[in-house]
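Order-wise, the sequence lines are chains A and B. If you count by this note's numbering, then the first sequence holds residues 1 to 254, one letter each, in order. If you count by this note's numbering, then the second sequence holds residues 1 to 254, one letter each, in order.
Any copy will do: because identical chains look the same in the list, a pair fits if it lies in one copy or spans two.
Here are the simulated SDA-like pairs of lysine to any residue, each with C-alpha atoms no more than 25 angstroms apart in a straight line:
no.	residue 1	residue 2
1	113	54
2	128	112
3	113	29
4	128	151
5	113	143
Just so you know, the hints here were simulated from the structure itself, not pulled from any lab data.
2 protein chains.
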Amino acid sequence: MLRENRHRQLLRLLREEGVLPVGQIAERLGVSEATARRDLDDLGKAGRLTRVYGGAVAREPVERPFAEEAVDDLADKEALARRAAAEVEDGDVVLLDIGTTTLQLARQLHGRKITVATSNLAVYEELKDDAEVTLVLLGGQVRPNYRSLVGHLTESSLGQLYADRLFLGTSGVLPDGRVLDTTDVEVPVKQAMLNSARQVVLLATARKFPGTGTARICGPQDIDVLITNQASDPDTLAVFREAGVEVAVEVVQA
Amino acid sequence: MLRENRHRQLLRLLREEGVLPVGQIAERLGVSEATARRDLDDLGKAGRLTRVYGGAVAREPVERPFAEEAVDDLADKEALARRAAAEVEDGDVVLLDIGTTTLQLARQLHGRKITVATSNLAVYEELKDDAEVTLVLLGGQVRPNYRSLVGHLTESSLGQLYADRLFLGTSGVLPDGRVLDTTDVEVPVKQAMLNSARQVVLLATARKFPGTGTARICGPQDIDVLITNQASDPDTLAVFREAGVEVAVEVVQA
DNA sequence: TCACAGTCGCGCAAAGTCGCTCACTCGCGC
DNA sequence: GCGCGAGTGAGCGACTTTGCGCGACTGTGA
Numbered sequence: 001m002l003r004e005n006r007h008r009q010l011l012r013l014l015r016e017e018g019v020l021p022v023g024q025i026a027e028r029l030g031v032s033e034a035t036a037r038r039d040l041d042d043l044g045k046a047g048r049l050t051r052v053y054g055g056a057v058a059r060e061p062v063e064r065p066f067a068e069e070a071v072d073d074l075a076d077k078e079a080l081a082r083r084a085a086a087e088v089e090d091g092d093v094v095l096l097d098i099g100t101t102t103l104q105l106a107r108q109l110h111g112r113k114i115t116v117a118t119s120n121l122a123v124y125e126e127l128k129d130d131a132e133v134t135l136v137l138l139g140g141q142v143r144p145n146y147r148s149l150v151g152h153l154t155e156s157s158l159g160q161l162y163a164d165r166l167f168l169g170t171s172g173v174l175p176d177g178r179v180l181d182t183t184d185v186e187v188p189v190k191q192a193m194l195n196s197a198r199q200v201v202l203l204a205t206a207r208k209f210p211g212t213g214t215a216r217i218c219g220p221q222d223i224d225v226l227i228t229n230q231a232s233d234p235d236t237l238a239v240f241r242e243a244g245v246e247v248a249v250e251v252v253q254a
Numbered sequence: 001m002l003r004e005n006r007h008r009q010l011l012r013l014l015r016e017e018g019v020l021p022v023g024q025i026a027e028r029l030g031v032s033e034a035t036a037r038r039d040l041d042d043l044g045k046a047g048r049l050t051r052v053y054g055g056a057v058a059r060e061p062v063e064r065p066f067a068e069e070a071v072d073d074l075a076d077k078e079a080l081a082r083r084a085a086a087e088v089e090d091g092d093v094v095l096l097d098i099g100t101t102t103l104q105l106a107r108q109l110h111g112r113k114i115t116v117a118t119s120n121l122a123v124y125e126e127l128k129d130d131a132e133v134t135l136v137l138l139g140g141q142v143r144p145n146y147r148s149l150v151g152h153l154t155e156s157s158l159g160q161l162y163a164d165r166l167f168l169g170t171s172g173v174l175p176d177g178r179v180l181d182t183t184d185v186e187v188p189v190k191q192a193m194l195n196s197a198r199q200v201v202l203l204a205t206a207r208k209f210p211g212t213g214t215a216r217i218c219g220p221q222d223i224d225v226l227i228t229n230q231a232s233d234p235d236t237l238a239v240f241r242e243a244g245v246e247v248a249v250e251v252v253q254a
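Sequences are here, hints too, so could you generate the full structure?
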């Protein structure tokens, strides 16, 4: 990536987060810590940020992204998102489901040379100013409360797409491996997504076992990879493994 | 390709992307990196762009056609938008083109019991939290600088819609009534819009006569209503009237 | 005060980019 | 046809940037 681009992105990151350690800056910019340090020095000398021992602080006012506090198991979701981001390869076309877990994933995808297609309006907000990411919005009716697009337009858009990877969220996973959702209107969209991707990755934190939900999205046989965390019900995970699903269990440190 | 042409295209690319590495510039211009570098040097010396190691940055704040043009002839645009809003009836399905004029119209449509379909991301921002307006986004690739959606997804979404009214913006109207636009990728979208609406309303402030633009969107016969203001070229307006267009001329007080 | 873990700064090798030169093509006038 | 000049693409040495290792430094807790 161009240094100029990196600098911009660094400042944007800092505006969002307020404070960041060098290690995370390096990781999220996809460069070594040495380079991250050099960038920090440059921008520090230019007065665009304040350098502190071990990282940097935003000089410009921090703009808090909307309802971040509304997310309950944020740490878990972040961990899953980091793991999911590692699955993504440069050049991929990635399809992101609605929900907050996939939003966390989007935040990990900044600066990647990929195409992101989504009906998740929070993901749009997150990635719209990223110069590297090509962003595609599916059509559909806006549902402000769920920050999503739904309807036959969404489904027909999906019919025109084929993604390398789909990252699917869920409201609950039953012991027999059924993947659920709470809102009926989202179901056909999710099912259309399943048909528009080569690989399907399900993101589900421990609290999604069994979680809630009334409508069945799919079964374990439709999933290729399940990313979850330690505390998840082992019996359910076994069901997924039996169905040939690659199960990745993340350890989340408190 | 002629060098002059290439330079123009390079600047346009840069305006859209903000930052670009030499490799991508060369590729998208269809020349070798050596030539791309020479072009960058020329334009850098002429002060048209800022050269950075490995690429180039658009001169000064990335030209946001929006932010700037939005304040240009704002009073005119507001007047046209008010008039246009009066055309809209409750229950209508309204299709809004990209651009700043239609954004002004969106501002006038708050609280109306209507459905708004658009590829204009500024309109989405404006109306997303409005409880009365049902908002439908067309799909497509996000172009952050123009705050629009483009591509075959946008066109195919339009194929699934039929609106009561289309409100069309333009970059210029020729004396013979041809309606123009500057950016090629938007043209098929606008044309698809023309085919998806019962009534077509063109919004064009005085400065759009003749304005700018290289690509033809449509002719006067495709327009049902033209909303413009006093200062517009009367000969051009006559052409529209002859073609059976209802021409509404707004008086704007300074 | 001291130990220790984490962070920083510097030198070095590798990779990428730049600027220069040179050969080639094309259009133009003689 | 032939030379001329402008523009382009390729090769090559010089330079810049990057990532890594190592020793010096800073902050924290005993």
